[in-house]
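Enquirer: Got chain A; can you put chain B on it based on the hints?
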Amino acid sequence: MNTLFDKIWDAHTVKVLDGNSCVLYIDRQYIHEVTSPQAFAGLRSRGIDVFRLHQVTASPDHNIPTRNQHLPIRDTQSATQVATLERNCAENGITIFPINTKNNGIIHVIGPQTGLTQPGMTIVCGDSHTSTHGALGCVAFGIGTSEVEMALASQCILQAKPKSMRINVEGELKQGVCSKDIILHIIAKLGTGGGTGYFVEFAGSTIRSLSIEARMTICNMSIEMGARGGMIAPDQVTFDYLKDREFAPKGKEWDEAVARWSLLRSDDDAVFDKEVTIDAADIEPMITYGTNPGMGIAVSDVIPKADDGDVAAKTSHKKALAYMGFTEGEKMEGKRVDYVFVGSCTNGRIEDLRAFTQAVRGRKKAEGVTVWIVPGSKEVERMAIEEGLQEILREAGFELRQPGCSACLAMNEDKIPAGKYCIATSNRNFEGRQGQGARTMLAGPLVAAAAAVTGVVTDPRKL
Amino acid sequence: MRNKFTTLVSRAVPLPIENIDTDQIIPARFLKAVTREGFGENLFRDWRYDESGAPKADFVMNSPLYSGEILVAGKNFGCGSSREHAAWAIGGAGFRAVVSSFFADIFRNNALNNGLLPVTVSEKMLAQIFAAIDNDPAVEIKIDLMEQTIEIVGTDSKERFEITPYKKQCLMAGYDNVDYLVSIRGEIELFEHKKQKER
Numbered sequence: 001m002n003t004l005f006d007k008i009w010d011a012h013t014v015k016v017l018d019g020n021s022c023v024l025y026i027d028r029q030y031i032h033e034v035t036s037p038q039a040f041a042g043l044r045s046r047g048i049d050v051f052r053l054h055q056v057t058a059s060p061d062h063n064i065p066t067r068n069q070h071l072p073i074r075d076t077q078s079a080t081q082v083a084t085l086e087r088n089c090a091e092n093g094i095t096i097f098p099i100n101t102k103n104n105g106i107i108h109v110i111g112p113q114t115g116l117t118q119p120g121m122t123i124v125c126g127d128s129h130t131s132t133h134g135a136l137g138c139v140a141f142g143i144g145t146s147e148v149e150m151a152l153a154s155q156c157i158l159q160a161k162p163k164s165m166r167i168n169v170e171g172e173l174k175q176g177v178c179s180k181d182i183i184l185h186i187i188a189k190l191g192t193g194g195g196t197g198y199f200v201e202f203a204g205s206t207i208r209s210l211s212i213e214a215r216m217t218i219c220n221m222s223i224e225m226g227a228r229g230g231m232i233a234p235d236q237v238t239f240d241y242l243k244d245r246e247f248a249p250k251g252k253e254w255d256e257a258v259a260r261w262s263l264l265r266s267d268d269d270a271v272f273d274k275e276v277t278i279d280a281a282d283i284e285p286m287i288t289y290g291t292n293p294g295m296g297i298a299v300s301d302v303i304p305k306a307d308d309g310d311v312a313a314k315t316s317h318k319k320a321l322a323y324m325g326f327t328e329g330e331k332m333e334g335k336r337v338d339y340v341f342v343g344s345c346t347n348g349r350i351e352d353l354r355a356f357t358q359a360v361r362g363r364k365k366a367e368g369v370t371v372w373i374v375p376g377s378k379e380v381e382r383m384a385i386e387e388g389l390q391e392i393l394r395e396a397g398f399e400l401r402q403p404g405c406s407a408c409l410a411m412n413e414d415k416i417p418a419g420k421y422c423i424a425t426s427n428r429n430f431e432g433r434q435g436q437g438a439r440t441m442l443a444g445p446l447v448a449a450a451a452a453v454t455g456v457v458t459d460p461r462k463l
Numbered sequence: 001m002r003n004k005f006t007t008l009v010s011r012a013v014p015l016p017i018e019n020i021d022t023d024q025i026i027p028a029r030f031l032k033a034v035t036r037e038g039f040g041e042n043l044f045r046d047w048r049y050d051e052s053g054a055p056k057a058d059f060v061m062n063s064p065l066y067s068g069e070i071l072v073a074g075k076n077f078g079c080g081s082s083r084e085h086a087a088w089a090i091g092g093a094g095f096r097a098v099v100s101s102f103f104a105d106i107f108r109n110n111a112l113n114n115g116l117l118p119v120t121v122s123e124k125m126l127a128q129i130f131a132a133i134d135n136d137p138a139v140e141i142k143i144d145l146m147e148q149t150i151e152i153v154g155t156d157s158k159e160r161f162e163i164t165p166y167k168k169q170c171l172m173a174g175y176d177n178v179d180y181l182v183s184i185r186g187e188i189e190l191f192e193h194k195k196q197k198e199r
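Sequences listed follow chains A and B, in order.
If you're matching positions, the first sequence starts at 1 in the numbering used here and goes up one per residue.
If you're matching positions, the second sequence starts at 1 in the numbering used here and goes up one per residue.
In isolation and in its complexed conformation, chain A is listed as follows (with noise of 0.2 Å):
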């Protein structure tokens, strides 16, 4: 009467230590130039070595520039962590995916591009949308930089093990439903908070019925609700995904891991601490109004007015409108939009980029819109230039840029400008997340593709 969270956690648990704390073993550990230097430090100045160095990988992605990638990076700062980035596994014999090369691209992109991520295993970064690789049925969070030391130190961290929530989505999805949409629809009715503390597991018909891609979607943005993470269970579609992929098992391992991950699923009597059911015919194309993503509505909507009980709430909801420039009643359409980013390890997959290009196709780019496209990973760039993706999107008058964290969190020079309001696929809208004063409007990809080529905030299926 397990559920899929526990059989994982159970099994990497090396000892409990006060009957809360365990000691969690990591089967794989991904790190980034922001939140390791400060770790590998801290290694240094204890004098001592990485524990196990085979199962960490390494890829800048946060603050790398997404054009000319094969210049040296300006910004000194951005170009110094990289650089340690690099001295550190250097130094210590860890695998890096350096910039421009094949594997490059964002850590949470990459690793289940590659087959690094597979099902079964605990995995942990520090970086909070580590949650993405639940989506092959993985344990994996986010954690702080002491951790990552702990976990270059010893391949464990120390963790309380969080409650455990269910969250069904049943049904079949409207036309122009993605999956940003069902997890924008999940946050806007569970709360930023509704998460904390728990591990969730996605399940439903019409969660099996995703894309692994669309699945990370979902996964990524568990963070978002405060979930320690998100994960579902692996079954073919995970494991068709997976095959023959760079890292993945093959030959004989193959068979024998195919074996093992698909007895990876909750009993069916296992009892979760909270377990929520959403009908999938109640999800519209989402758009947020707000500054946490948790202020998420049908893009027809109108903004809610505040809740008038809560004095707090509401202090919260009148600074979020007033930083965004909006009215309580106010409809969302046809709101004016002066930037459209697409990408991030939220919706920065070949196949955003395919739904996009496909929305734009024959179209030509709204006059006084600026878009930036950015593929998550290498691959996916490659990939959107083979299949003529790009040929597409420079007709309608859109440019392809080179992969990376961009314009998510701006720490490249992708930064929206102060007051300019920009529809993004990424994860967050918090104040200033995409530049001082940038305000931001999360959606899918679809949502986003409507609104670069006519100007304002569209419903995809009026196009």
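Hints were generated in silico from the structure; no laboratory data involved.
Short derived list, chain A residues pointing at chain B, Cβ under 8 Å: (1) VAL14; (2) PRO37; (3) GLN38; (4) GLN77; (5) THR80; (6) GLY126; (7) GLN155; (8) GLY197; (9) ARG228; (10) MET411; (11) ARG428; (12) PHE430.
Fair warning: this is a prediction, and the values are worked out from it, not measured in the lab.
Positions of the beta carbon are idealized from the N, C-alpha and C atoms, including for glycine.
Expert: Chain B only, in chain A's frame:
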């Protein structure tokens, strides 16, 4: 070894806003350092300073009325990214404890790993603390880690808070998790062998 935490009696800085995310605590453009130092000056950067870098008079940290080593914030504090820089920035600005009715998971762990004590109080207690500071900014808050209590000094408002015995011990002794984990590398190796065999 980190600084030991036992008892703290201090005035407090109130921030009665919900869902304060890590991008507000420390914006991403300040994450480019490769050391742990210097983040304190950019804590709440865009709330605290205007674009020219001048302090915004209406922000609590710039008000002469408020000071202290305790930050009190609305619920769901520290949501968003896993950046430990958020905990470094708060600690770097001189805070030793953060009080809220609800903390985001990763932030909570990051704080604990840096000797910054997150104290989770009831909604009622949080409202009382905000009201007390509003009434008298010089009011002191006492946090006793040994007893696991928090009180508004000079009043009956007192509450017990939760912390795991292991984390409590770490904070009180200034003990570090990396040292501990390295000390059990042998056990971890045995676990790896066992796991390998079970396959």
